[in-house]
Every structure is written in structure tokens, then in C-alpha cells.
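Same order as they appear, the protein sequences are chains S and U.
Numbering follows numbering that gives the first Met the number 0, with no gaps: position 92 of the first sequence is 91.
Numbering follows numbering that gives the first Met the number 0, with no gaps: position 32 of the second sequence is 31.
Among the hints, erroneous ones may be present.
[As the list claims (entries may be wrong)] Label pairs and their computed distance ranges (CB to CB):
| # | chain 1 | residue 1 | chain 2 | residue 2 | range |
| --- | --- | --- | --- | --- | --- |
| 1 | U | Gly197 | S | Glu168 | 21 to 31 angstroms |
| 2 | S | Gln44 | U | Arg488 | 32 to 42 angstroms |
| 3 | S | Arg172 | U | Ala411 | 18 to 28 angstroms |
| 4 | S | Gly84 | U | Glu174 | 25 to 35 angstroms |
| 5 | U | Pro583 | S | Gly84 | 24 to 34 angstroms |
| 6 | S | Asp173 | U | Arg490 | 31 to 41 angstroms |
| 7 | U | Glu174 | S | Arg172 | 19 to 29 angstroms |
| 8 | U | Arg490 | S | His15 | 54 to 64 angstroms |
| 9 | U | Arg486 | S | Gly84 | 50 to 60 angstroms |
| 10 | S | Glu70 | U | Arg407 | 16 to 26 angstroms |
| 11 | S | Arg9 | U | Asp485 | 32 to 42 angstroms |
[Claimed, not checked] A few chain S residues that don't get close to chain U, going by computed Cβ distances all over 12 angstroms:
| # | residue |
| --- | --- |
| 12 | Arg57 |
| 13 | Ala68 |
| 14 | Glu73 |
| 15 | Gly122 |
| 16 | Ser161 |
| 17 | Ile166 |
Treat the hints as calculated values from the structure; they're not laboratory data.
Glycine included, each C-beta is placed from N, C-alpha and C at the ideal position.
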Amino acid sequence: MTTRSTISLRVNDVTHRLCLDHRRTLLDALREDLGHTGPKKGCDQGQCGACTVLLDGRRVVSCLTLAVAAEGAEITTVEGLAADGELRPIQEAFVRLDGFQCGYCTSGQLCSAVGMLAERAAGWPSAVTADVSPDGPVAELDAAEVRERMSGNLCRCGAYPSIVHAILETAARDGVTG
Amino acid sequence: MSMAVHVGAVGVARPRIEGRAKVTGAARYAADEPIPDLAYGALVLATVARGRVRDIDVASVRDMPGVLGVIDHTNAPRLNPEAGNFFGPDGGLRLLQDDLIPHAGRPIALVVAETPEQARAAAQALPVTYDEQPHDTRLFAGHPAGRPALTLFDAPADIGDVDAELAASAVVVDERYGTPEENCSAMEPHSATAWWEGDRLEAVDSNQGPFQIAFTLATLFHLPPERVRVRVDHIGGGFGGKTMCGPQLILAAMAATRFGRPVRVTLTRAEVFLATAQRPATDQRIRIGADADGRLRAIHHDATYEISPLAEYIEGCTELTKTLYAAPAIRTALTVVPLDILPPYSMRAPGAAPGSFALESAMDELAERVGLDPLELRLRNEPGVGPVSGLPFSSRNLVACLREGARRFGWASRDHRPRMRRAGPLLIGTGLAATSFSTGAFPSTATITAEPDGTFTVAIAAADLGTGARTALTAIAADALAVGTDRIRLRISDSAIGPAWGAGGSRGTASWAWAITEAAAKIRGPERPMTATVDTTQLLGDLASRERHAFSAVFAEVGVDPATGEVRVRRLLGMFAVGRVINPLMARSQVIGGMIGGLSMALHEEGVRDPVTGRHVNADFAGYHIAAHADVPDIEADFVPDDEPGVPWGIKGVGEIGNVGTAAAIANAVWHATGVRQRHLPIRLDRVLES
Numbered sequence: 000m001t002t003r004s005t006i007s008l009r010v011n012d013v014t015h016r017l018c019l020d021h022r023r024t025l026l027d028a029l030r031e032d033l034g035h036t037g038p039k040k041g042c043d044q045g046q047c048g049a050c051t052v053l054l055d056g057r058r059v060v061s062c063l064t065l066a067v068a069a070e071g072a073e074i075t076t077v078e079g080l081a082a083d084g085e086l087r088p089i090q091e092a093f094v095r096l097d098g099f100q101c102g103y104c105t106s107g108q109l110c111s112a113v114g115m116l117a118e119r120a121a122g123w124p125s126a127v128t129a130d131v132s133p134d135g136p137v138a139e140l141d142a143a144e145v146r147e148r149m150s151g152n153l154c155r156c157g158a159y160p161s162i163v164h165a166i167l168e169t170a171a172r173d174g175v176t177g
Numbered sequence: 000m001s002m003a004v005h006v007g008a009v010g011v012a013r014p015r016i017e018g019r020a021k022v023t024g025a026a027r028y029a030a031d032e033p034i035p036d037l038a039y040g041a042l043v044l045a046t047v048a049r050g051r052v053r054d055i056d057v058a059s060v061r062d063m064p065g066v067l068g069v070i071d072h073t074n075a076p077r078l079n080p081e082a083g084n085f086f087g088p089d090g091g092l093r094l095l096q097d098d099l100i101p102h103a104g105r106p107i108a109l110v111v112a113e114t115p116e117q118a119r120a121a122a123q124a125l126p127v128t129y130d131e132q133p134h135d136t137r138l139f140a141g142h143p144a145g146r147p148a149l150t151l152f153d154a155p156a157d158i159g160d161v162d163a164e165l166a167a168s169a170v171v172v173d174e175r176y177g178t179p180e181e182n183c184s185a186m187e188p189h190s191a192t193a194w195w196e197g198d199r200l201e202a203v204d205s206n207q208g209p210f211q212i213a214f215t216l217a218t219l220f221h222l223p224p225e226r227v228r229v230r231v232d233h234i235g236g237g238f239g240g241k242t243m244c245g246p247q248l249i250l251a252a253m254a255a256t257r258f259g260r261p262v263r264v265t266l267t268r269a270e271v272f273l274a275t276a277q278r279p280a281t282d283q284r285i286r287i288g289a290d291a292d293g294r295l296r297a298i299h300h301d302a303t304y305e306i307s308p309l310a311e312y313i314e315g316c317t318e319l320t321k322t323l324y325a326a327p328a329i330r331t332a333l334t335v336v337p338l339d340i341l342p343p344y345s346m347r348a349p350g351a352a353p354g355s356f357a358l359e360s361a362m363d364e365l366a367e368r369v370g371l372d373p374l375e376l377r378l379r380n381e382p383g384v385g386p387v388s389g390l391p392f393s394s395r396n397l398v399a400c401l402r403e404g405a406r407r408f409g410w411a412s413r414d415h416r417p418r419m420r421r422a423g424p425l426l427i428g429t430g431l432a433a434t435s436f437s438t439g440a441f442p443s444t445a446t447i448t449a450e451p452d453g454t455f456t457v458a459i460a461a462a463d464l465g466t467g468a469r470t471a472l473t474a475i476a477a478d479a480l481a482v483g484t485d486r487i488r489l490r491i492s493d494s495a496i497g498p499a500w501g502a503g504g505s506r507g508t509a510s511w512a513w514a515i516t517e518a519a520a521k522i523r524g525p526e527r528p529m530t531a532t533v534d535t536t537q538l539l540g541d542l543a544s545r546e547r548h549a550f551s552a553v554f555a556e557v558g559v560d561p562a563t564g565e566v567r568v569r570r571l572l573g574m575f576a577v578g579r580v581i582n583p584l585m586a587r588s589q590v591i592g593g594m595i596g597g598l599s600m601a602l603h604e605e606g607v608r609d610p611v612t613g614r615h616v617n618a619d620f621a622g623y624h625i626a627a628h629a630d631v632p633d634i635e636a637d638f639v640p641d642d643e644p645g646v647p648w649g650i651k652g653v654g655e656i657g658n659v660g661t662a663a664a665i666a667n668a669v670w671h672a673t674g675v676r677q678r679h680l681p682i683r684l685d686r687v688l689e690s
């Protein structure tokens with residue numbers, strides 16, 4: 000029985016050839032094989048969001064994504080958010096507004112925020128969106144929307160209020176991109 | 000203290016020094032360190048609550064792919080039974096020494112393999128059989144095994160004649176309050192990597208105090224302290240759960256010794272719940288007697304909590320009872336009940352968090368029965384000196400917190416009768432709590448070296464759990480040396496630096512700042528040495544005897560859905576007197592984080608045990624909910640002017656007081672909304688509906 004496969008993973012605009020155990024999660028492949036230790040393992044069962052990365056622009060918990068299933072996708076980790084070393088607005092806002100303390104959930108919060116802003120711009124409703132009809136208006140991004148949409152990303156230090164401020168400020172200034 | 004021409008960094012709101020590293024993924028935590036030739040260990044935990052290991056069938060997994068071997072009680076290195084913690088010898092550290100199982104979740108084996116998957120697969124496949132024995136995991140006051148707690152701190156108090164004063168009181172509150180087992184639940188699971196460099200044991204480990212951890216590890220493995228080094232770069236939160244020499248480190252050190260190569264042991268989330276320290280459940284009785292005008296005559300606080308027979312521990316539930324209010328008679332006692340559970344240890348605001356829930360709920364009940372504004376009740380019983388000790392307070396600005404908090408919250412317009420406000424289908428209520436948290440400092444050493452390039456290397460074995468210690472200590476060192484922060488090179492989180500208190504007891508910043516400040520004074524002194532090392536042990540001993548506490552007032556507004564029983568916090572405000580604030584941006588974050596911890600304690604957190612098996616049934620973030628974004632409103636927190644005389648920079652510490660009082664303020668708001676008291680945490684939907 001074959002237990003390993005050689006695949007290509009494209010991470011932060013770089014393609015890597017890897018021979019991986021089929022059980023290897025995308026999170027472990029990023030961390031253990033590629034040295035991208037920005038994504039964190041907080042629970043390894045999709046309950047905390049610390050491992051959140053973007054897969055073709057959509058947020059996924061990389062601990063519940065098998066690496067072999069991510070072949071062919073554009074994977075963006077927290078390390079890929081600051082292109083050319085320049086912090087994105089959402090990263091800058093996190094630093095300035097103190098949107099973290101220990102920082103362990105931060106890479107997940109940031110990737111989740113970027114993915115969430117895109118989802119909302121695409122018209123995806125959340126559980127607190129008043130009008131969820133397909134032709135309804137794009138929900139206004141208020142604090143309640145941000146809190147609902149970000150609730151998959153736990154933070155034990157309790158940086159939530161600062162994270163919400165950082166996201167709202169960034170969205171007001173920079174719209175979708177974060 | 001001379002500031003010369005230098006513009007100070009202390010007191011200025013600045014973002015964290017390591018901010019960029021944390022938002023770009025560059026910050027390295029214990030499990031992120033690249034180490035060559037690494038093997039991985041996976042734990043096997045006991046699934047029974049009490050008994051003996053009959054057999055571990057190692058042979059059946061030895062040939063699984065990648066498996067290097069299994070360590071269990073038959074082949075583990077012998078550990079020193081004298082190793083312990085703050086409270087004395089700790090059997091919780093003596094892993095794999097015998098076949099006895101003292102609690103469910105006790106590590107009984109470590110499987111080591113070439114990859115994490117191989118180690119985990121073999122650990123899951125390892126057959127273990129047990130001889131089970133009857134267990135007892137149920138805490139209640141009056142348990143026959145109950146006995147007095149250690150008296151190292153929060154010792155029993157008994158002033159005045161409590162019984163006579165209660166008998167003479169116009170109003171008496173006599174109620175029981177309960178809090179459950181809670182888990183610190185830092186987002187970073189404990190991780191350690193250990194290896195030998197010659198005859199020196201090296202480890203990277205996520206913990207709250209590298210020097211103390213290294214010392215304990217050295218004791219355990221019969222090594223001289225200088226042959227053990229523990230370090231880490233960043234720590235993904237601690238909240239008390241990383242105070243101890245954790246199972247990840249002990250087992251990684253065993254495996255590195257046995258297999259002769261670096262071994263990493265990273266706990267799973269379930270293992271963090273089952274095998275690292277928890278806050279003990281408490282069962283507390285409070286009696287308060289007062290005159291008709293609300294003046295207290297007596298407070299009696301009996302707190303019972305659980306421990307393990309493996310280790311002593313003090314959950315100081317009655318500290319606030321001896322601090323907050325004047326009364327002619329005060330009696331307190333702590334009773335421990337040894338049960339077949341994981342040894343409890345300090346979780347953020349130990350003692351004060353569950354203790355203040357009981358005391359401040361009881362005070363609210365008293366206000367109700369006397370017919371007095373709960374704010375006025377607190378103001379009316381403000382003490383001039385320590386109510387039990389008679390010592391003066393170093394500084395006490397609780398009244399300022401209460402008054403300013405009330406003003407900002409709009410407390411004056413509150414109708415104190417319950418169940419009077421509605422918003423649509425919701426019942427709306429508000430509540431408050433007063434709090435304190437003891438402060439102080441512990442001995443630490445710091446070394447400052449003046450470098451040829453004009454910078455200063457400042458070395459202290461501190462730990463930055465996310466508290467902002469790096470940023471705060473850099474500001475303190477800069478001001479103490481009267482230079483800009485750009486000339487400070489701070490080194491922390493390395494046991495090799497020398498003895499220092501850990502990040503705990505809200506005493507980290509005060510302890511470390513003291514040593515740094517004294518070392519800086521030497522560097523700037525007449526002899527102008529190039530390097531100076533200071534140990535503060537002697538200086539701390541000379542500190543005047545005072546009641547030393549931070550204080551705060553917490554105000555909460557809740558909405559309760561009478562159809563579902565759901566409680567949601569709509570507003571939360573805290574005013575804090577925490578001495579001098581080193582960095583207002585970070586300090587505010589920290590107390591807000593503490594308040595969120597208190598909110599989570601009030602409404603969500605509960606380690607649930609199956610009474611039949613004695614095991615926790617919710618050892619994950621789906622079953623053990625910690626407050627998420629959607630649970631948390633915007634929170635207001637601010638500081639009143641405060642100082643701590645005699646302590647450099649006037650520091651009191653902000654690490655834990657945010658957690659204190661919030662649960663009581665929320666519970667009191669739930670009463671105000673519904674007219675029904677909630678005396679057991681968390682305030683679950685079923686508890687609201689059944690009441």
C-alpha cells in the first residue's frame with residue numbers, strides 16, 4: 000500500500016516539490032517540511048483557528064486540510080501577507096492598536112480577517128446579517144458582523160476588542176484587501 | 000530618581016517591540032525552533048481515574064514504522080522525589096516512576112518515533128490494561144477527607160467575635176457559592192525539545208519562568224543546576240498553566256537521555272486539558288452580618304477546594320475577604336479535600352477569581368436585603384487599615400475606582416430593584432464588584448553590560464508570555480540608564496542568565512524592574528563599572544510591612560433571554576488602581592484580557608467530569624468553551640492615578656486583577672435582570688431556565 004506521494008505545493012508564490020505521508024496535514028507540511036512556522040497548532044482539530052491560512056484566497060483551517068489535497072492551490076500563510084517586507088494595513092493596525100498579546104493566535108486572526116473581508120465583499124452573509132436573501136444588499140461591516148465572522152479564531156489573551164477595532168479601521172480605509 | 004535630560008519611556012503608550020515579528024509569523028515559539036535530527040514523542044495518558052497499570056504491551060508497537068522506543072515506568076530514569084514547586088515536593092512531577100495511577104489523564108508512557116505522525120499512531124495503538132480501583136472525584140464542603148490548607152499565605156483569620164456580631168446583626172446573608180474546575184487554556188499547547196550537549200541538558204520549553212523550571216528539572220534528574228539550561232524565545236500565553244515544570248519537558252528530557260538525540264514533545268489540546276494544571280473547583284460558604292444601615296458587623300468566609308494527594312496547593316479564596324471591607328469580626332478558613340484528580344495549581348488570579356465571586360455576590364445580596372445601592376454599601380464599609388492585619392495600606396484607591404467607574408458607566412440612574420428593565424424580549428440588568436489583588440516582588444538578579452558601541456545589554460531571566468514584558472522592561476532599563484530605548488538590548492527567557500522570579504502572581508514586572516533598576520544605578524554610579532549584576536533578595540527584605548494590593552471596580556450590563564436562558568454581556572467597564580502604569584496601551588490590553596477571562600469564567604468555562612469514570616468529558620474547545628469574538632462586547636478599561644511607595648517605579652502589576660470581580664459583576668447583573676441569584680458558575684442556560 001502506498002502511504003506517501005510526491006506532490007507540488009505552491010506557498011506564498013513559491014512552488015515546492017515534496018514527498019509526503021498521506022496523513023500529513025497541510026499545517027504540518029507547512030511547519031515541518033517547509034519551515035513556515037507562522038501558522039500555529041493550537042488544537043489540531045479545527046476548533047481554535049490558529050492554523051488558518053488562505054487557500055485560493057479562502058480561509059481554511061490547515062490542521063483539517065490534508066497536504067495532498069492542497070496540491071494545485073495558491074496557499075497564503077501569514078508569512079506571505081507582507082509582500083516585499085511591507086506590512087499590509089491589517090498587520091500595521093494589529094501592531095498599532097495592540098491586536099494581540101502572546102501572538103500565538105495572531106497569524107490565524109490575520110489570515111482569517113483577510114479572508115473574511117473578501118467573503119463579505121463577495122456578499123456572503125453571516126448569522127447576524129439581517130437580510131440573507133441572494134439579492135439582498137452587501138452587509139454593512141459593523142462590530143457585530145466582525146465578531147460573528149471572526150468567532151472561529153479563539154484568543155485566550157482576550158485581544159478581541161483590539162482585533163475588532165483593527166479590522167473595522169482597516170476595512171473602512173482599505174476595503175477588501177485588508 | 001534622576002531623569003536627567005532624557006525623555007522618559009516609562010508611562011508612554013507604545014506598541015510591542017516584537018509586534019512586527021508577531022504579525023509576520025517570524026516570532027518563534029517553542030515548537031517552531033528548527034533542531035537537527037529531531038525525534039518526536041507522543042504521550043499515552045491513563046484512561047482510568049485510580050488504580051494500577053497491569054500491563055503496557057510495548058512489543059506490539061515496537062515494530063511500527065519509525066518507532067524508536069517506548070518509555071514507561073519499567074524503564075524510565077529514576078527521578079528525585081524531592082523535586083517540587085512553590086508549595087513543596089510535588090508528586091505530579093514524578094512521571095513514569097511506578098505503576099500507580101493517581102488520576103485520569105496521568106501520563107503513563109511516551110512513544111518516541113521519527114515523525115509526529117508515527118509517534119502518534121503508535122501511542123494510539125499501544126495496548127494498556129489496568130487494575131481499576133474505586134475513585135473519588137466529587138468535591139463538596141464537609142467532605143470527610145477535608146483538612147486545613149497549608150498556611151504559607153491566605154492563612155486563617157479570626158478577629159473579633161463573629162458569632163456574637165452575626166447574632167447582633169439586623170441583616171444576615173448566609174449562602175453557598177460554587178465554581179468549577181477550569182483550565183488555563185493558553186492557545187499555545189505546551190511544547191519542549193530537549194537534548195544533551197556534552198554533559199549539559201539543553202531544552203527549549205514554553206514556560207513562565209525559565210530559571211525556576213531549569214532548577215526543578217535539574218533537581219528531578221539529579222543534576223547540578225549549572226548543567227541544565229532552559230530557554231525559549233516567545234511564549235504563546237501561560238495564565239498559570241506554564242508555571243510548572245510540565246510533563247512535556249520532563250518526558251522530553253527522559254527521551255533525549257534514553258535515545259541520545261533531540262526529542263520534541265508537544266502536548267495535544269486534550270493533553271493540555273487532562274495533564275496540565277487546572278484551577279480547582281471550590282465550594283464556599285459566606286456569612287455576612289450588617290446593621291440596618293449596611294455597616295458590616297461580621298464576615299465569615301469558609302472556602303473548600305480540591306487538591307490531589309500528590310501535591311499541596313493554596314487556592315487563596317479568602318484574601319479579598321481580609322482586604323476589602325472593614326468589619327469588627329472577620330473569620331476565614333481554607334479547607335482542602337484530596338481527590339483523585341490532576342493536581343490543581345494557579346490559574347490566572349488564583350484564589351481571588353473564585354473567592355471574589357463568592358464575596359462580591361454575597362455583598363450584592365446584602366445590598367438587596369438592606370435595601371441599599373450596592374455602590375453605597377461598598378463605600379460605607381471602606382477600611383482605613385488592613386481589616387485583619389491592622390497594617391496601613393501602601394496605597395488604596397478603591398473608592399476612586401468605584402466612583403469614577405460609576406460615573407462613566409452611568410450607575411447613578413440605576414433602578415436598584417430587579418427585573419425592571421427590558422429591551423424587546425430581553426431582561427436587562429447591571430451589576431458591579433469591587434476587587435483587590437495582592438502585589439509585591441520576589442528576588443531576582445539582573446546584569447547590565449555597557450557595550451563598546453554605546454548600547455547596553457540588559458539580561459534577566461524574565462519571560463514574556465504576551466504580557467509585554469520585553470517592551471516594559473526595555474522602557475524601564477532605558478529610563479533607569481537615562482538613554483533612549485534604541486540603546487537597550489534586552490535578553491530574557493534563558494535560565495543561564497541567572498535566578499529570577501517567573502511571570503506569575505502579578506509580580507513579574509515589579510520583581511524584574513527592581514533588579515534592572517538597581518543594576519542600572521550601579522552602572523551609573525561613581526565607579527562606572529562596565530558590567531554590574533544585582534540580586535534584590537536583601538533589598539526586598541528591607542521593604543516596609545504594608546498591606547499591598549492593586550484595586551479595581553468592575554461594572555457589567557447583561558441581557559438575559561428568558562426563553563432560552565442565554566446571558567449576553569452588553570457592556571463591561573473596569574477602573575483600575577494598579578500603581579504606576581508602565582505602558583498604558585499594553586496595560587489596558589492586559590486588564591481587558593483579564594476581564595474577558597472573567598466573562599468567560601462567568602458564562603462559559605467548566606471542566607465537566609463523568610462521575611462514573613472520573614474523567615473529564617469536555618477536554619477540547621468544542622466542549623470547553625472559552626469566550627470567542629461573538630461573546631465579547633467592546634470593553635472600557637482605564638486607570639485612576641495610583642502609586643506603590645517603596646517599589647521602584649511605583650509598580651503594582653496588572654497581570655491578574657482584570658480577572659477578579661468580573662464574574663461577580665456579571666452574576667449580580669443577571670440577578671438585577673432576572674431577580675434570581677446565580678450562585679454557581681458558569682451561569683449556564685439551564686441554570687437560568689431552572690431558576
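Verification of the hints:
Separation of U/Gly197 from S/Glu168 is about 53 angstroms and departs from the stated range, judged on CB atoms against 21 to 31 angstroms. Taken as a hint, the range 32 to 42 angstroms holds for the pair S/Gln44 and U/Arg488, whose Cβ atoms sit roughly 40 angstroms apart. At about 38 angstroms, the beta-carbon gap between S/Arg172 and U/Ala411 misses the expected band of 18 to 28 angstroms. Distance hint for S/Gly84 and U/Glu174: a CB-CB separation of about 60 angstroms, inconsistent with the stated range 25 to 35 angstroms.
At about 30 angstroms, the beta-carbon gap between U/Pro583 and S/Gly84 stays in the expected band of 24 to 34 angstroms. For the pair S/Asp173 and U/Arg490, the supplied restraint of 31 to 41 angstroms holds, since their beta-carbon distance comes to about 37 angstroms. Between U/Glu174 and S/Arg172 the Cβ separation comes to about 52 angstroms, which falls outside the hinted range of 19 to 29 angstroms. Taking the beta carbon of each, U/Arg490 and S/His15 are about 35 angstroms apart, not inside 54 to 64 angstroms as hinted.
Evaluation of the 50 to 60 angstroms hint for U/Arg486 and S/Gly84 yields a failure: the beta carbon distance comes to about 25 angstroms. Checked against the hint of 16 to 26 angstroms, the C-beta distance between S/Glu70 and U/Arg407 comes to roughly 55 angstroms, which is inconsistent with it. Checked against the hint of 32 to 42 angstroms, the pair S/Arg9 and U/Asp485 passes, with Cβ atoms roughly 39 angstroms apart. No beta-carbon of chain U is positioned within 12 angstroms of the beta-carbon of S/Arg57; the least distance is around 19 angstroms.
No beta-carbon of chain U is positioned within 12 angstroms of the beta-carbon of S/Ala68; the least distance is around 16 angstroms. Here S/Glu73 stays apart from chain U, with its beta-carbon at least about 17 angstroms from theirs, past the 12 angstroms limit. At the 12 angstroms boundary, the C-beta of S/Gly122 stays outside the reach of chain U, the nearest C-beta of that chain being 21 angstroms off. A Cβ of chain U approaches the Cβ of S/Ser161 within 12 angstroms, the least distance being about 6 angstroms, so the stated non-interface status is violated.
A beta-carbon of chain U comes within 12 angstroms of the beta-carbon of S/Ile166; the shortest separation is about 10 angstroms.
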